[in-house]
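S.K.: Sequence:
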Amino acid sequence: GIINTELETRRLKLAMPGLFIIMTTAMGAVEDRVAGYEGGADIYLCKPVSERELRAAVAGVDRRLEQMREAKRKTGLRLNFSGLQLMGKQAVSLNQTEATLLKFLAQVPGQRVETFRLLEATGRGADARTKASLEVQIVNLRKKIAAAGGASPSIRAVRNEGYQLMWPLEVE
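The sequence shown: position 18 = 18 (the numbering used here), numbered continuously.
Everything labelled a hint here was simulated from the structure, so no lab data went into it. Owing to the predicted nature of the structure, the values given are computational and were not obtained by experimental measurement. Don't be surprised by glycine CBs; every beta carbon is placed ideally from N, CA and C. Some hints here could point you the wrong way.
Pairwise CB distance ranges (calculated) [as the list claims (entries may be wrong)]:
(1) Leu84 / Phe116: 42 to 50 Å
(2) Lys89 / Asp127: 32 to 40 Å
(3) Leu54 / Arg10: 16 to 24 Å
Simulated crosslink set (DSS-like; lysine-lysine; CA at most 27 Å straight-line) [claimed, not checked]:
(4) Lys131 / Lys143
(5) Lys47 / Lys103
(6) Lys103 / Lys89
(7) Lys131 / Lys144
(8) Lys144 / Lys47
(9) Lys89 / Lys144
(10) Lys89 / Lys131
(11) Lys47 / Lys89
(12) Lys89 / Lys13
(13) Lys103 / Lys143
(14) Lys13 / Lys47
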């Protein structure tokens, strides 16, 4: 689709963190390009852009997506979100909150997800009590990932910021 502003790009990235965005625009000043990247663009191309360059950018994104798909296949773990199960060497049951957290983290493997976004994904506010509850749920989720055969460390805490899934996970 067509995105008109960096603000819309930022909103899209918040809603779908795994989305790759190639931005093409006539605004080519350094400040504009920086704003585009900070807004969430993965590739920022200034118009006029040649068809060859655009094809190369799309091919680059496709390579990155294929690498992510291959890494997901190698982990051997799958999240059956609707069935609330983590499938690996063993099937492990999850509760709805654990499945939601894991699905949200799986959208951006290897990248930090802020605590407030995880709390929003589970439908809770960001007070001290819910943050402590989230920490307990992450500990339990790590144990379940290990029980399913997942590599350790599975979820890394990023101090004062959030959490990061350390490897790709297939979500079905």
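S.K.: So, for every hint listed, does it hold in this structure?
M.R.: Hints versus structure:
no.: 1; hint: Leu84 / Phe116: 42 to 50 Å; verdict: 24 Å, violated
no.: 2; hint: Lys89 / Asp127: 32 to 40 Å; verdict: 38 Å, holds
no.: 3; hint: Leu54 / Arg10: 16 to 24 Å; verdict: 23 Å, holds
no.: 4; hint: Lys131 / Lys143; verdict: 19 Å, holds
no.: 5; hint: Lys47 / Lys103; verdict: 37 Å, violated
no.: 6; hint: Lys103 / Lys89; verdict: 19 Å, holds
no.: 7; hint: Lys131 / Lys144; verdict: 20 Å, holds
no.: 8; hint: Lys144 / Lys47; verdict: 49 Å, violated
no.: 9; hint: Lys89 / Lys144; verdict: 12 Å, holds
no.: 10; hint: Lys89 / Lys131; verdict: 31 Å, violated
no.: 11; hint: Lys47 / Lys89; verdict: 50 Å, violated
no.: 12; hint: Lys89 / Lys13; verdict: 33 Å, violated
no.: 13; hint: Lys103 / Lys143; verdict: 16 Å, holds
no.: 14; hint: Lys13 / Lys47; verdict: 23 Å, holds
Taken one by one, the earlier hints fail for this structure at numbers 1, 5, 8, 10, 11, 12, listed in ascending order.
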